[in-house]
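Listed below, chain by chain, are the residues.
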Amino acid sequence: MKMEDIKAGEIQNEKVVINPAWCKGCGICVAFCPVKALELKNDKVVMVDVDKCTQCGMCELRCPDYAIYLRRKKNEKQG
Amino acid sequence: MPSVLVENYFRTEKLPQIWCPGCGHGIITRSIASAIEKSGIDKNKICIVSGIGCSSRAPGYLDFNTLHTTHGRALAFATGIKMAKPEIKVIVIMGDGDATAIGGNHLIHACRRNIGITAIVYNNSIYGMTGGQYSPTTPKYDKGTTAPYGNIDKAFDICKLAASAGATYVGRATAYHASLVTSLVQNAISNEGFSLIEAISMCPTYYGRKNKKGSAVSMMEWQKNSAINISAAAKMSPEALEGKFLIGELKNSPEPEYTNEYQKIIDRLKKESQ
Ligand code: SF4
Ligand code: SF4
Ligand code: SF4
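Those sequence lines, one after another, are chains A and B. Just so you know, we're using the numbering used here here: the first sequence kicks off at 1 and counts up by one. Just so you know, we're using the numbering used here here: the second sequence kicks off at 1 and counts up by one.
No lab work stands behind these hints, which were simulated from the structure alone. What you are looking at is a predicted structure, and each value in this text was computed from that prediction instead of being measured. One or more of the hints may lead you astray.
Stated by the list, open to error - Each computed SDA-like pair below joins lysine to any residue, with the alpha-carbon atoms no more than 25 Å apart:
| hint | chain 1 | residue 1 | chain 2 | residue 2 |
| --- | --- | --- | --- | --- |
| 1 | B | K212 | A | A31 |
| 2 | A | K73 | B | K224 |
| 3 | B | K213 | A | P34 |
| 4 | A | K41 | B | P238 |
| 5 | B | K213 | A | K73 |
| 6 | A | K15 | B | N225 |
| 7 | A | K36 | B | K38 |
| 8 | B | K244 | A | K15 |
| 9 | A | K15 | B | S34 |
| 10 | B | K14 | A | G25 |
| 11 | B | K224 | A | A21 |
| 12 | B | K224 | A | F32 |
| 13 | A | K36 | B | K14 |
| 14 | A | K36 | B | I18 |
| 15 | A | K15 | B | K270 |
| 16 | A | K73 | B | L241 |
| 17 | A | K44 | B | R209 |
| 18 | B | K213 | A | T54 |
| 19 | B | K38 | A | C56 |
| 20 | B | K140 | B | W222 |
| 21 | A | K44 | B | L241 |
| 22 | B | K270 | B | G248 |
| 23 | B | K213 | A | E39 |
| 24 | B | K213 | A | K15 |
| 25 | B | K213 | A | L40 |
| 26 | A | K73 | B | P16 |
| 27 | B | K140 | B | L241 |
Unchecked claim - Facing chain B, a subset of chain A residues (Cβ under 7 Å, in silico):
| hint | residue |
| --- | --- |
| 28 | I28 |
| 29 | P34 |
| 30 | D65 |
Yeah, the Cβ is synthetic: ideal placement off N, Cα and C, and Gly gets one too.
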């Protein structure tokens, strides 16, 4: 992840949203992602294999800082 | 834009929290918000009260009627709120030191009265905010700043304490078992009387470091491997349960609630004086 991306705010792919500004790099989501789709880079979480992600929501459930979460569904307002 | 849950129930302008990286408190706080969302109660009919300590910062981030009170006294303030407005759902967030040391007396009497309050104790086995002093839940022989050679006190079992003092709904979960925190809190909120949920948290900064428990991740691995659901435990041998602790619903036995009983007296005396 480049610094510009962090400054730009949230990073989204088709499955999850990451807010690097809130991520404290604890590694909890990385350790407990059942398919190992996440990694820490420069103390921030990054999605390394979006194809593997099953949107199980475990990262969202256990992130102490609400910095990673599933993308909102179509009927919800998207950020 | 944060998740829908966070947007609806948190003061997002105050995030991220002040808590250390990997502190379990954020996970438990989210689980509580999720329980409130699932219970469908109007935000304005909820009041969240805390005392002093790392965990007591939680209501500062939660977007409800909130009250940040004095050390150990959250339940005393909460009792006042419940007596004045019994229709309000009162939720109290406390730490282990807050709830069982300085606030221990308030705790047992709130249990004994079975007053309609949901108490959630974030148990990280140490005083985090003040620098790692041992608390009534620090395991025997573990270290704290005030127990550099190991603590010789026996730890309280918060759930047993609450259940035997009269709490009518009691449960335990951990930050790792975050969805269990949600379901227990949801049940606790719907219990009319006093409920207590012990949520095992982790303090990597003090308890973890002083006791060489590793990172937040390894502390959560410990929670995952040491917690046994009460339903599974029934089929296990005492040897297999050695070094483990129980999670799940530990007590559920509704009894008359305190503010209802009080109202009955008011109603009776009104009738008699007519
Ligand atoms: S949603 Fe599940 S699979 Fe996808 S990144 Fe999060 S934990 Fe991993
Ligand atoms: S759990 Fe949250 S704070 Fe920790 S690394 Fe993952 S996104 Fe960052
Ligand atoms: S000192 Fe411990 S309990 Fe307090 S915020 Fe830091 S990790 Fe959490």
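Checked hints:
Taking the CA atoms of B/K212 and A/A31, the gap is about 19 Å. The hint holds against a cut of 25 Å. For the suggested pair A/K73 and B/K224, the alpha carbons sit about 30 Å apart, so the restraint of at most 25 Å is broken. Taking the CA atoms of B/K213 and A/P34, the gap is about 23 Å. The hint holds against a cut of 25 Å. A distance of roughly 44 Å separates the Cα atoms of A/K41 and B/P238; the hinted pair therefore is violated under the 25 Å criterion.
At most 25 Å may separate the alpha-carbon atoms for a hinted pair to count; B/K213 and A/K73 exceed this at roughly 39 Å. As the CA atoms of A/K15 and B/N225 are separated by approximately 29 Å, the hinted pair breaks the 25 Å bound. Note on A/K36 and B/K38: the hinted pairing is violated, with a Cα-Cα distance of about 29 Å set against a maximum of 25 Å. Between B/K244 and A/K15, the direct Cα distance comes to roughly 36 Å. Violation of the 25 Å bound is thereby established for this hinted pair.
Taken as a hint, the A/K15 and B/S34 pair is honoured in the structure, with Cα atoms around 21 Å apart against an allowance of 25 Å. Straight-line distance between C-alpha atoms of B/K14 and A/G25 comes to about 19 Å, which keeps the hinted pair within the 25 Å bound. This hinted pair does not check out: B/K224 and A/A21 have alpha carbons roughly 29 Å apart, beyond 25 Å. With a C-alpha separation of about 11 Å, the suggested pair B/K224 and A/F32 falls inside the 25 Å cut-off, and the hint holds.
This hinted pair does not check out: A/K36 and B/K14 have alpha carbons roughly 31 Å apart, beyond 25 Å. Note on A/K36 and B/I18: the hinted pairing is violated, with a Cα-Cα distance of about 28 Å set against a maximum of 25 Å. The straight-line distance between the Cα atoms of A/K15 and B/K270 is roughly 61 Å, outside the 25 Å bound, and the hint therefore fails. At roughly 42 Å between alpha-carbon atoms, A/K73 and B/L241 are farther apart than 25 Å, so this suggested pair is violated.
Between A/K44 and B/R209 the alpha-carbon distance is near 22 Å, which keeps this suggested pair within the 25 Å criterion. Between B/K213 and A/T54 the alpha-carbon distance is near 31 Å, which puts this suggested pair outside the 25 Å criterion. In summary, the hint linking B/K38 to A/C56 is supported, as the alpha carbons are separated by about 19 Å, within the 25 Å threshold. For the suggested pair B/K140 and B/W222, the alpha carbons sit about 17 Å apart, so the restraint of at most 25 Å is met.
Only pairs whose Cα atoms come within 25 Å are accepted, and A/K44 paired with B/L241 is rejected, the gap being roughly 38 Å. A distance of roughly 43 Å separates the Cα atoms of B/K270 and B/G248; the hinted pair therefore is violated under the 25 Å criterion. Our distance criterion of 25 Å between C-alpha atoms is met by B/K213 and A/E39, whose separation comes to about 22 Å. This hinted pair does not check out: B/K213 and A/K15 have alpha carbons roughly 33 Å apart, beyond 25 Å.
This hinted pair checks out: B/K213 and A/L40 have alpha carbons roughly 21 Å apart, not beyond 25 Å. Proximity of A/K73 to B/P16 is assessed by CA-CA distance (about 24 Å); at most 25 Å being required, the pair is judged to hold. In summary, the hint linking B/K140 to B/L241 is supported, as the alpha carbons are separated by about 18 Å, within the 25 Å threshold. A least Cβ separation of about 6 Å between A/I28 and chain B falls short of the 7 Å threshold, and the interface hint therefore holds.
Interface restraint check for A/P34: the shortest CB-CB distance to chain B comes to about 13 Å, outside 7 Å, so the restraint is violated. Of the supplied interface hints, the one on A/D65 holds, with its beta-carbon coming within about 5 Å of a beta-carbon of chain B, less than 7 Å.
Violated hints, listed in ascending order, are 2, 4, 5, 6, 7, 8, 11, 13, 14, 15, 16, 18, 21, 22, 24 and 29; each of the other numbered hints is respected by the structure.
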